[in-house]
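Protein chains: 2
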Amino acid sequence: MSVIPAAYEPTERTVPSRSRERARYDRETVHAILDQTYLCHLGFVRDGAPVVLPTLFGRVGETLYVHGSTGSRPLLAAGQQDPGLPVCLTVTHVDGLVLAKSAFHHSINYRSVVVHGTAYEVTDEAERRMALDALVDHVVPGRSADSRPANTKELAATAVIRLDLNEVSAKIRTGGPNDDAEDLELPFWSGVVPVAPAYGTPVPAAGLAPGIAVPDYVSAL
Amino acid sequence: MSVIPAAYEPTERTVPSRSRERARYDRETVHAILDQTYLCHLGFVRDGAPVVLPTLFGRVGETLYVHGSTGSRPLLAAGQQDPGLPVCLTVTHVDGLVLAKSAFHHSINYRSVVVHGTAYEVTDEAERRMALDALVDHVVPGRSADSRPANTKELAATAVIRLDLNEVSAKIRTGGPNDDAEDLELPFWSGVVPVAPAYGTPVPAAGLAPGIAVPDYVSAL
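So the sequences go chain by chain: S and H. Quick note on numbering: the UniProt record's numbering labels position 136 of the first sequence as 136, and the sequence is numbered without any gaps. Quick note on numbering: the UniProt record's numbering labels position 133 of the second sequence as 133, and the sequence is numbered without any gaps.
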């Protein structure tokens, strides 16, 4: 039985050119950053130029899944290109605004993951179904079991691509401002303003039968 | 005097391949989406492969500015390439989780802007200073006037690139789930869970003089 190493192997493009002390390669940190959101920004090259699109993603072990219409250009490209579509998938959480005494030392507390690799279209039906469940459950854990699964027509209209976690890095900034010693007496406020996503009160769909309560997995968000 | 048209001209790459009814090209909508956040995902091509990095940005009229260390690889590339660095800059707000009766119709309410273009290094000192102020004020409006401006050494260590707003589109999804009529009687809860960033109580920097109160422009966030 092969053992998965506890960390991703750094490569030339996953070692940052600066602030290297912020880089992390351990799987636990990377998975936690990936699992605390559902939105990623997917980059690919079209006609020689970069394209970055926001999209949902799911994770199953060491594989990320992205889905879309079979008419979507990047997903078409992943299916048609051999060997797949080179992509960069990036996830970012903003945790705080860092206000320093000097404009120069202003910053953001954040946690990000950047995944480099090649995306391939998933054609196996069982894997496609698993990936779609993972996508729904990544947004609202527990939801896939409490909705109608995709039917044959919907499955045929949906393309799924997979991106394995091999060339991966996380980057994390925490803490207060790093002001220069000679600036500390300046009369400006300095510190951190915490930021986090907040969920509002669920709004039932128009016409939802009154007897259907908000599920616990939604209240728990 | 030239008049700026009220909308960006759609191009082949700013017309989405699907959900075209979600696309917007008017400047007012685009500027509002850009100005309600400070985080973008910047895509570019390195050695033929896509790279997507999270970074801060500022806006001055029809120009976006991104900054970084002069040792940063993309910024170096923008300065060294003639004519500049092809980029795609994307901004996304998540406004709600859309839970449908069917897994297939699950979605996200969002507002995004995608900017295609070429980034150039800014070398004019006055424009560089203006851009750096815009970057700070984009995160916390009013902050640049209440901090120490960059000195000569800091300016020399900072690269600024500009990206003009020419090839731009917004995409917006709002409202509840779009379930199929035959699914409406299914016993699952459906609706929208609103999402928005929330600011926590500001945390003063270690050693901040007790007499310096949290400024109004921070409390106002």
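Hint data in this document are derived by calculation from the structure and do not stem from the laboratory. Quantities reported herein were computed from a predicted structural model and do not represent experimental measurements. Among the hints, a few may not be true.
To be verified - Derived coverage of chain H by chain S (criterion: at least 3 residues anywhere in the stretch with Cβ under 8 Å from a Cβ of chain S; other residues may be distant):
| no. | region |
| --- | --- |
| 1 | 38-48 |
| 2 | 52-65 |
| 3 | 104-111 |
Backbone N, C-alpha and C define an ideal beta-carbon position, used for all residues, glycine too.
Comparing the hints with the structure gives:
1. Coverage of the region 38-48 of chain H by chain S holds in this model, with 9 residues showing a Cβ closer than 8 Å to a Cβ of that chain against a need of three.
2. Judged by the Cβ-Cβ criterion of 8 Å, the region 52-65 of chain H is covered by chain S as claimed, because 4 of its residues qualify and three suffice.
3. Proximity of the region 104-111 of chain H to chain S, defined as three or more residues with a beta carbon under 8 Å from a beta carbon of that chain, is established by the 4 residues found.
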